[in-house]
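Q: Next come the chains, spelled out residue by residue.
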Amino acid sequence: MNLETIRYSQDENGLVTLTLDDPQQSANTMRQQFVEDYITVVDHLEANQKEITGVIITSAKPTFFAGGDLRELIAATPDDAPAFIEFSNRLKRAMRTLETLGMPVVAAINGAALGGGLEIALACHYRVALDNPATRIGLPEVTLGLLPGGGGVVRVIRLLGVIEGLTKVLVQGQQMRVTDAKEAGLIDEIAPNTEAMLAAAKTWIAENPKATQPWDARGYRMPGGTPNHPTLAANLPAIPSTLKSQTKGAHYDAPHHIMSAAVEGAAVDIDRAFEIETRYFVDLVCHSQQAKNMTQAFFFDLQAINKGGSRPDGYDRWIATKVAVLGAGMMGAGIAYQCARSGIEVVLKDVSMEAAEKGKAYSENLVKKAVQRGRITQEKGDALLTRITPTDAYTDLAGADLVIEAVFESADLKKQVFADTGPVVNPDALLCSNTSTLPISDLALGVSRPEDFIGLHFFSPVDKMPLVEIIVGKQTSDATLAKAVDVVLQIGKTPIVVNDSRGFFTSRVIGGFVNEAVAMLAAGINPIMIERAGSKAGYPAPPLQLVDELTLTLPKKIMTATRAGVEAAGLEYVPPPAEPVIDKMLEAGREGRSGGAGFYDYDDSGNRQKLWPGLFDMFDIEDDRTLHADDVDQLRDMSERMLFGEAIETVKCFDEGVITSYADANIGSIFGIGFPAWTGGVAQYIDQYPGGTTGFVARCKELTDRYGDRFIPPPSLAARAETGEPFRPPGAR
Amino acid sequence: MADAYIYDAVRTPRGRGKSTGALHTTKPVTLVTGLLNAVRDRNPGLDPSAVDDIVLGTVEPHAEQGGVLGRTAGLAAGFSESVPGVQLNRYCGSGLEAVNQAAARVRSGWENIILAGGSESMSRVGIGSGGDPWAMDPATNYDTSFVPQGISADLIATVEGFSRHDVDAYAVESQGRAAKAWADGRFDRSIIPVIDIAGQVVLDRDEHMRPGTSMEDLAKLPPAFAAMGQMGGFDAVALQKYTRIEEINHVHHAGNSSGIVDGAALVVIGNEDAGSQFGMTPRARIVSVAAVGSEPTIMLTGPAPACRKALDKAGMAVADIDLIEINEAFASVALKLMRDLGVDHDITNVNGGAIAMGHPLGATGAMLLGTMVDELERRDLNTAMITLCIGGGMGIATIIERV
Chain L
38 MNLETIRYSQ DENGLVTLTL DDPQQSANTM RQQFVEDYIT VVDHLEANQK
88 EITGVIITSA KPTFFAGGDL RELIAATPDD APAFIEFSNR LKRAMRTLET
138 LGMPVVAAIN GAALGGGLEI ALACHYRVAL DNPATRIGLP EVTLGLLPGG
188 GGVVRVIRLL GVIEGLTKVL VQGQQMRVTD AKEAGLIDEI APNTEAMLAA
238 AKTWIAENPK ATQPWDARGY RMPGGTPNHP TLAANLPAIP STLKSQTKGA
288 HYDAPHHIMS AAVEGAAVDI DRAFEIETRY FVDLVCHSQQ AKNMTQAFFF
338 DLQAINKGGS RPDGYDRWIA TKVAVLGAGM MGAGIAYQCA RSGIEVVLKD
388 VSMEAAEKGK AYSENLVKKA VQRGRITQEK GDALLTRITP TDAYTDLAGA
438 DLVIEAVFES ADLKKQVFAD TGPVVNPDAL LCSNTSTLPI SDLALGVSRP
488 EDFIGLHFFS PVDKMPLVEI IVGKQTSDAT LAKAVDVVLQ IGKTPIVVND
538 SRGFFTSRVI GGFVNEAVAM LAAGINPIMI ERAGSKAGYP APPLQLVDEL
588 TLTLPKKIMT ATRAGVEAAG LEYVPPPAEP VIDKMLEAGR EGRSGGAGFY
638 DYDDSGNRQK LWPGLFDMFD IEDDRTLHAD DVDQLRDMSE RMLFGEAIET
688 VKCFDEGVIT SYADANIGSI FGIGFPAWTG GVAQYIDQYP GGTTGFVARC
738 KELTDRYGDR FIPPPSLAAR AETGEPFRPP GAR
Chain H
-9 MADAYIYDAV RTPRGRGKST GALHTTKPVT LVTGLLNAVR DRNPGLDPSA
41 VDDIVLGTVE PHAEQGGVLG RTAGLAAGFS ESVPGVQLNR YCGSGLEAVN
91 QAAARVRSGW ENIILAGGSE SMSRVGIGSG GDPWAMDPAT NYDTSFVPQG
141 ISADLIATVE GFSRHDVDAY AVESQGRAAK AWADGRFDRS IIPVIDIAGQ
191 VVLDRDEHMR PGTSMEDLAK LPPAFAAMGQ MGGFDAVALQ KYTRIEEINH
241 VHHAGNSSGI VDGAALVVIG NEDAGSQFGM TPRARIVSVA AVGSEPTIML
291 TGPAPACRKA LDKAGMAVAD IDLIEINEAF ASVALKLMRD LGVDHDITNV
341 NGGAIAMGHP LGATGAMLLG TMVDELERRD LNTAMITLCI GGGMGIATII
391 ERV
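Protein sequences appear in the order of chains L and H. This note's numbering applies: residue 38 is where the first sequence begins, and numbers increase by one. This note's numbering applies: residue -9 is where the second sequence begins, and numbers increase by one.
These are calculated hints, taken from the structure and not from any lab test. Any given hint could turn out to be false.
Said to hold, decoys possible - Within a straight-line C-alpha distance of at most 20 angstroms, the following computed EDC-like cross-link-like pairs (lysine to aspartate or glutamate) qualify: (1) L:K647 - H:D194; (2) L:K285 - H:D194; (3) H:K8 - H:E236; (4) H:K231 - L:D465; (5) H:K231 - L:E659; (6) H:K8 - L:D668; (7) L:K359 - L:D465; (8) H:K231 - L:D350.
Unchecked claim - Some chain L residues judged to face chain H by a derived CB distance under 7 angstroms, without partners named: (9) L167; (10) R255; (11) T279; (12) V300; (13) R539; (14) I562.
Unchecked claim - Now the stretches of chain H that chain L is said to cover, found in silico as 3 or more residues with beta-carbon under 8 angstroms: (15) 61 to 70; (16) 122 to 133.
We put the CB at the ideal spot given by N, CA and C, even for glycine.
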């Protein structure tokens, strides 16, 4: 056999070991060559089954198998459908042959088995996994807008049943730890080390000389029943509604197809079920724009960022050892937790010991919850907390090689705090400010070495939000930027890099979303409908709810600063349609959630209730609850106003050099400011719009005609639309 | 063009749709044979072999009420070998659909006399037991924004602003009217008691009624569809289409929704010749019929557009209608129909409705028609309009005129 990606060995007892080891990649993937090799091996096993007693499949890489070849998948066009169907069917036939030959096949899962990797393991009769806390097992294809097209849908349903299979594995693409995967029924056994794993595999083979899959055994009953079984039939109607409830009105191709393939496949025999799975798979691969968007964002762009895409070259990797967190409020407390979790010593400083200890209590609470959920051991939790030293004295900051300031949003206060900190910490300590609006270059003037000063804009809540927006000041050096990227990665966050300017990237771009939604109120649109339009567009938090979280004073501050800037430049300030709405609300004392009342009402504990009914009077909105014939069109306009508002602002950010990386713009928008995931990010949104930049700009004209000049596309984009060039140049970072 | 007349209307009483219900041990085929025998007995001049068809609506046409029940029952009743049968399904509107189709066929001049109605043994063949891709096929369900009808009813209440008090008050009135109508004997002409093989009466009155039901009684019932709305995601589906509503006000429960019951009904429809030929006196004329499609997620708002279509066809206005019968699938459906047409409760469902007496899915439309024929005669009034809301977002209506 001429194999490139699989090593075949057979011992004197007829036990075959297949070691997956792709010479061209650091992880095994389901590329064309692998599939050919797999088919070749299966043919060989079938031809020689008399001499073979069993098969162990394992990997020579740190991971078991990484999944489909996304480079191939993202390039697929509608014309490739027949080829993908053929490819899919050949692989599935081979997997089916392997599991029906009768010889026992065991997967020895030595590392991560995600997507295609788990599919290969599911086509084995027994699965033993190495007990490694870093290993993840699952079928995350849905998160890339795809579905497990290597028999994953079909086999998971036959193993776990329709409801369990959909909710625990397929629709959300959970990436499970080994213990959770065993509990879910995806793997059979956990081994403490490699020898034990292989021994367990051998033992199972010896004890099961003839093996069949559960679904091929006589008397097999699908767990939970097939679709025409009354118990499952009664629950079928709630499957799509549960999905729609989870996606809040946004349509996602992949979970829709997964749900359909799962149920439709459960109604027929397994071999016909594979055909159904293939159809839905190929539709996503060849026809779904969302699949292209999400694969680009969550695989390629995210990978580029995590490999330090925006990090200047030529600087050695830097590791922080001791961080001075200034300010123990919510942000500071969260930053302290994040740093301590990553092994960094933390000194958490505030004006009083009481405030500092309160900040540490935040971490104590998070640790308690994590231990309760079995996420970390008590020992590890205690060690984390030991790393955090609360203090009210600057002297305790000595020895810090990293400073992250998170005090009240006042330039004077921040400068003061840095002035006091500078002399105490290491003379070459990295100096970072977690400001969301104050210009970094100005804050840098308050330190003696502005080249070491940089912005690290965290998002709230810090332990949940993956993004950090790194802001490069006018004087910030490349070396500093490299260190900042390193430390963000060190603490497990995702860095994007932007240049100093008003609103940076995230706060500025989100303004596009917020302004449109708030402006709709001014135009007398029902606020309930505004929120629904936001959810339908795919925003995880609807706009008026989001503004309440941010507090209305924030957009007001930005608008005030914009006015000052515009008027200082001698130009006329045109207030955006949102401004009078914000003003009215602030006048009425409704500044948002923290103030107890905003667009929504809040109870005494700060829990959101319903939209404030007073909005109807204040903005002269009719309480009409009916469905209108043009609602679909109106909702589309509303959703696209929000999306276009952010996209146009993004183009301006690129034009002005605020941001230079398209990957950063995409990931930053999704992870930091809740831009809908199906779009692939705010820059991708433009290119994936029907008709590309040409279609996008044509729609800009429609929106301009209907809603105003703010939708006029920047000249740089209009120019691209002429030729149909994409916004993101091919190959651009 | 020939006219289509209603010569006779018969129905079984409605048994509770549970295993403890009076008609639970009566086979579906027997419910229908009983009515065929009654038609034969009450119309001795009618030659059964002259009947052109037996059209029966059944919404779960499988198992014991599967096949073509009308034909099967016709054979079982020895009605006449030469009379064919056909089964139809327009969900809850089936009984009236059967009547409307029969009327159209007679009016066409191609046929003379047809028995039309419906039968449903909900205690034996449960609602939904036959499956339905609209609800059960995930892609179809998703693409058409399906929600179960109870959610739709609550959605109507929310859109229209009907409170829990409003729908409960309607239900109390329905119970009161039904009790009085039974006490007055207003159904006596059409009710055919179900008799068993030993000659004993199995059931002779609608047993689902709870006379004396009060607001306090109903207030104790929790909303029946709140849990499925919230946990099943159906509220979300509805609100994603009805985007001006913040949340659904769940107000319906078993006490203000139609009862699940067993029952069957038949209407004798024929042209003028059939009357003279078989010594039957026409009681009413079918003036116009209509069926419409309407918004499927709110599902139950089809009656008003169906009524308007029937009125237009008849060249009539709402004010020309003396009595209205709207199936009380849920209280909000009746309240909405009255509001949409601008009619009062005093001419609507004057003898109570399905909230009190039950809704044997495939049969109800024919039962309501019979009720109207009887009541027009009793009150010496002229015109009635019968309408039902229907699953899938449809509506059906029939206008009759006493002759």
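Q: Does V300 of chain L hold up as a contact with chain H if the rule is Cβ-Cβ below 7 angstroms?
A: This hint holds: V300 of chain L lies near chain H, its Cβ roughly 5 angstroms from the closest one there, short of 7 angstroms.
Q: Closer than 7 angstroms between Cβ atoms is the bar; does R255 of chain L clear it against chain H? Give me holds or violated.
A: Cβ of R255 of chain L sits 28 angstroms from chain H, so the hint is violated.
Q: Hinted pair, alpha-carbon criterion (20 angstroms max): K231 of chain H, D350 of chain L. Please report holds or violated.
A: Given that 20 angstroms is the threshold and the Cα spacing comes to 52 angstroms, the pair is violated.
Q: When you check the alpha-carbon spacing of K231 of chain H and D465 of chain L, does it fall within 20 angstroms?
A: violated (58 angstroms)
Q: Have a go at the T279 of chain L hint: is there a Cβ in chain H nearer than 7 angstroms to its own Cβ?
A: Since chain H brings a Cβ to about 4 angstroms from T279 of chain L, closer than 7 angstroms, the hint holds.
Q: Tell me if the straight-line CA distance from K359 of chain L to D465 of chain L falls inside 20 angstroms.
A: holds (13 angstroms)
Q: Does L167 of chain L pass the interface check with chain H, least Cβ-Cβ distance below 7 angstroms?
A: Hint violated; L167 of chain L Cβ to chain H Cβ min 37 angstroms, cut 7 angstroms.
Q: CA of K8 of chain H to CA of E236 of chain H, is that 20 angstroms or under?
A: violated (37 angstroms)
Q: Is the hinted pair K647 of chain L and D194 of chain H satisfied, with a Cα-Cα distance of at most 20 angstroms?
A: Not satisfied, since the Cα-Cα distance of roughly 52 angstroms exceeds 20 angstroms.
Q: What's the verdict on K231 of chain H and E659 of chain L, does the C-alpha distance respect the 20 angstroms limit or exceed it?
A: Status holds; Cα separation ~18 angstroms.
Q: Quickly compare the C-alpha distance for K8 of chain H and D668 of chain L to 20 angstroms and report which way the hint goes.
A: Not OK: K8 of chain H and D668 of chain L at ~43 angstroms, beyond 20 angstroms, violated.
Q: Grab the minimum C-beta distance from I562 of chain L to chain H and call the hint holds if it beats 7 angstroms, violated otherwise.
A: violated (10 angstroms)
Hint compliance for this structure: hints 1, 2, 3, 4, 6, 8, 9, 10, 13, 14, 15 are not met, and every other hint is.
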